[in-house]
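*Asks:* In case you want the letters, here they are:
Number of protein chains: 2
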Amino acid sequence: MQNFSYDHLSRFTYDMLTQIGCPESDAKIATEVLLSADLRGVDSHGVARLSGYVRLWEKGRINAQPKVRVTYETPSTAVVDGDSGLGLVVAPFAMKVAIEKAKNVGTGWVSVRNSNHYGIAGYHAMMALEQDMIGISLTNASPLVSPTFSKERLLGTNPISVAIPANEEPPFVADMATTTAANGKLEILQRKGLDTPTGWVQDKSGNPTTSANGVKDGGALLPLGGDREHGSHKGYALGAIVDIFSAVLSGANYGPWVPPFVAFLDPLPNLVGEGIGHFFGAMRVDAFRPADEFKSHMDNWIRRFRTAETTPGNDKVIIPGDPERELESVRMKDGIPLLEPVVKDLTQLGERFGVKF
Amino acid sequence: MQNFSYDHLSRFTYDMLTQIGCPESDAKIATEVLLSADLRGVDSHGVARLSGYVRLWEKGRINAQPKVRVTYETPSTAVVDGDSGLGLVVAPFAMKVAIEKAKNVGTGWVSVRNSNHYGIAGYHAMMALEQDMIGISLTNASPLVSPTFSKERLLGTNPISVAIPANEEPPFVADMATTTAANGKLEILQRKGLDTPTGWVQDKSGNPTTSANGVKDGGALLPLGGDREHGSHKGYALGAIVDIFSAVLSGANYGPWVPPFVAFLDPLPNLVGEGIGHFFGAMRVDAFRPADEFKSHMDNWIRRFRTAETTPGNDKVIIPGDPERELESVRMKDGIPLLEPVVKDLTQLGERFGVKF
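Keeping their order, the protein sequence lines are chains U and S. For the first sequence, full-length UniProt numbering begins at 1 and goes up steadily by one. For the second sequence, full-length UniProt numbering begins at 1 and goes up steadily by one.
It cannot be assumed that every hint is accurate.
Remember, identical chains collapse to one label, so a pair may be satisfied in a single copy or spanning two.
What the hints assert, rightly or not - Cut-off 27 Å, straight-line C-alpha distance, at most; resulting in silico cross-link-like pairs (DSSO-like, lysine-lysine): (1) K204 <-> K356; (2) K59 <-> K295; (3) K28 <-> K295; (4) K344 <-> K96; (5) K103 <-> K204; (6) K216 <-> K356; (7) K333 <-> K316; (8) K67 <-> K216; (9) K216 <-> K316; (10) K204 <-> K316; (11) K333 <-> K103; (12) K356 <-> K28; (13) K28 <-> K333; (14) K316 <-> K185; (15) K316 <-> K295; (16) K59 <-> K28; (17) K204 <-> K216.
Hints in this document: simulated from the structure, not taken from any laboratory.
In isolation and in its complexed conformation, chain U is listed as follows (with noise of 0.2 Å):
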């Protein structure tokens, strides 16, 4: 494990990004969405998703100068196609078109076709928060999860993710899969050769397993709950709202159909759409009561949830954003912590585009 510099990373991604003939403006963005995630904890959405992309772009999958664009809107939605774009520039763009809705119309609600991968779901959402709007941000992605009776793998661990101003109190920012747990912790545990605990994984013949290698060796990742004793069918159906709301609305790949973010495996024939998907949703606060007043609330409703009476053994009850927030300013100050397999194969990704990592 070595730790890199905010800036020294940053620097790496934008150079690599402009190399592969990112346009300057999209490198930026995509830069600081990928970063966020190395930021804020999710090691497995950041730089070390750089390569990955890189050989989208090898492949065709991915276009470096996308032509991003409104296909159809109403006052309060919008459809956005993402041209094959990557997805780190093309849910900036439709985020963006979500909160000029809602200054107009109280709410603006976007659903996007024709993406890749977004990098962290909360990074969208987060946008809204200098406008006093809630922002929520939704995508699908590979499969890998089986529903609940399902053997096999029909969705992507599609996250939610929603954010709240408060006033003084920082923002509420939840941002989770909609399975028990992501798949980067599924690798955590194979490196350290341990078992999953229960309701993470089944193998490939449809049985529970707390094998961290499960779904490498083709089993699934379990929608939230982990089996229908323990709620599984509601992480199922958060998991297909989003594929919906992401797909099925904006014309992408849902289901099964979703293309795999791995260079070496190919989409499935007979897609049923064009992508991956995404949804977003910008809500004026002030569209509801005065900005002030609601955000003075929200931080009474911070203030008394942190401040609750804990179970044994903990010391407080955290508010979603918090873990990040604090991780982000420690790593902001101290550096990002990378892997030696990641500090290699960046190494290795800068010398075949002759960019100095």
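Guided by the hints, dock chain S onto chain U, whose structure is given.
*Replies:* Below, chain S without anything else, positioned relative to chain U:
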């Protein structure tokens, strides 16, 4: 257990509601909402609750003749004041406002304060379906749930319902508490003298328990996920989002201040808002793409999932809404089964008000 016809229970409910002073049109819609829970198998939210509503009316906490009104609006949003009316009346009013807004600007979003328990979330979401809209329905509720690491009860079972139209297939209708299990399931286990699975309940010291009496004895229901390792911070975040959308946006009570449903418990002093809160959304499908196109892709989505290969011992993957719809047609034909204590309670209720059960 005795079976009663839908018409019998419907007539009794309507008569009781007019007897306490509800206008005829309010009694009619409230009866339809309440009974839809019995038809769809959410027995804890149906006619078994009628005497609970009446007791709240007797305490002066439910207004039988409310002036429900929009107090603030933008083209895509509104705030509704329920004037302490039955949620069973206030919620359909507010959902209609959301639908009208969606007709005009693509989507409509309504947050409600000063209301009471609104029956099953799904009824209201499903109102959008016949307009070719996606319906969303959320509500907060009496605090029975402890966030991850909290010993205190700070949230209700805060359900999420999302209804999505299809073409030849029946609609997709998710309707779920954001807890591992709803309170009604605990009651069933209590009657049978059985323990709960892990992850449903904690005791009053904040330790995990499998006692079905755990909540009654001062403990709490747990957020979907059950514990941190199984993702309870996600269920907690979902319940929190429902609470904030329903109450902090509208000016209703939130968190531990939500007034209890049972009339023998008084609301807390120093309330932070008025009554309980709901949140509704309606999105016109053709505000994104032609409705026929959307609905035929929904058919394809539903068929692909329903016919997926299953895990051992299961014969099909269930689409959210399937079990409730199937039960509804059985119960419409064969009647609605009521437990002996419920029959007795309704009989006595009728006697008190001169309405024959």
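*Asks:* Are the hints correct? Go through all of them and say.
*Replies:* Each hint tested on the structure:
1. K204 <-> K356: neither (42 Å within a copy, 58 Å between copies)
2. K59 <-> K295: neither (47 Å within a copy, 33 Å between copies)
3. K28 <-> K295: So K28 and K295 fail the 27 Å test inside a copy (31 Å) and across (39 Å) alike.
4. K344 <-> K96: neither (36 Å within a copy, 58 Å between copies)
5. K103 <-> K204: Answer is neither: 48 Å inside a copy and 46 Å across each miss the 27 Å cutoff.
6. K216 <-> K356: So K216 and K356 fail the 27 Å test inside a copy (32 Å) and across (64 Å) alike.
7. K333 <-> K316: For K333 and K316, the Cα distance is within 27 Å only inside one copy (25 Å; across copies 52 Å).
8. K67 <-> K216: Neither, since 36 Å and 59 Å both go past 27 Å.
9. K216 <-> K316: Intra 36 Å, inter 25 Å, cutoff 27 Å: inter-copy only.
10. K204 <-> K316: between (39 Å within a copy, 17 Å between copies)
11. K333 <-> K103: For K333 and K103, the Cα distance exceeds 27 Å both inside one copy (35 Å) and across copies (50 Å).
12. K356 <-> K28: within (18 Å within a copy, 73 Å between copies)
13. K28 <-> K333: The answer is within: 21 Å in one copy meets 27 Å, while 63 Å across copies does not.
14. K316 <-> K185: within (23 Å within a copy, 30 Å between copies)
15. K316 <-> K295: For K316 and K295, only the intra-copy Cα distance (22 Å) is at most 27 Å; the inter-copy one is 46 Å.
16. K59 <-> K28: within (23 Å within a copy, 61 Å between copies)
17. K204 <-> K216: within (10 Å within a copy, 41 Å between copies)
Comparing the model with each earlier hint shows violations of hints 1, 2, 3, 4, 5, 6, 8 and 11; every other hint is respected.
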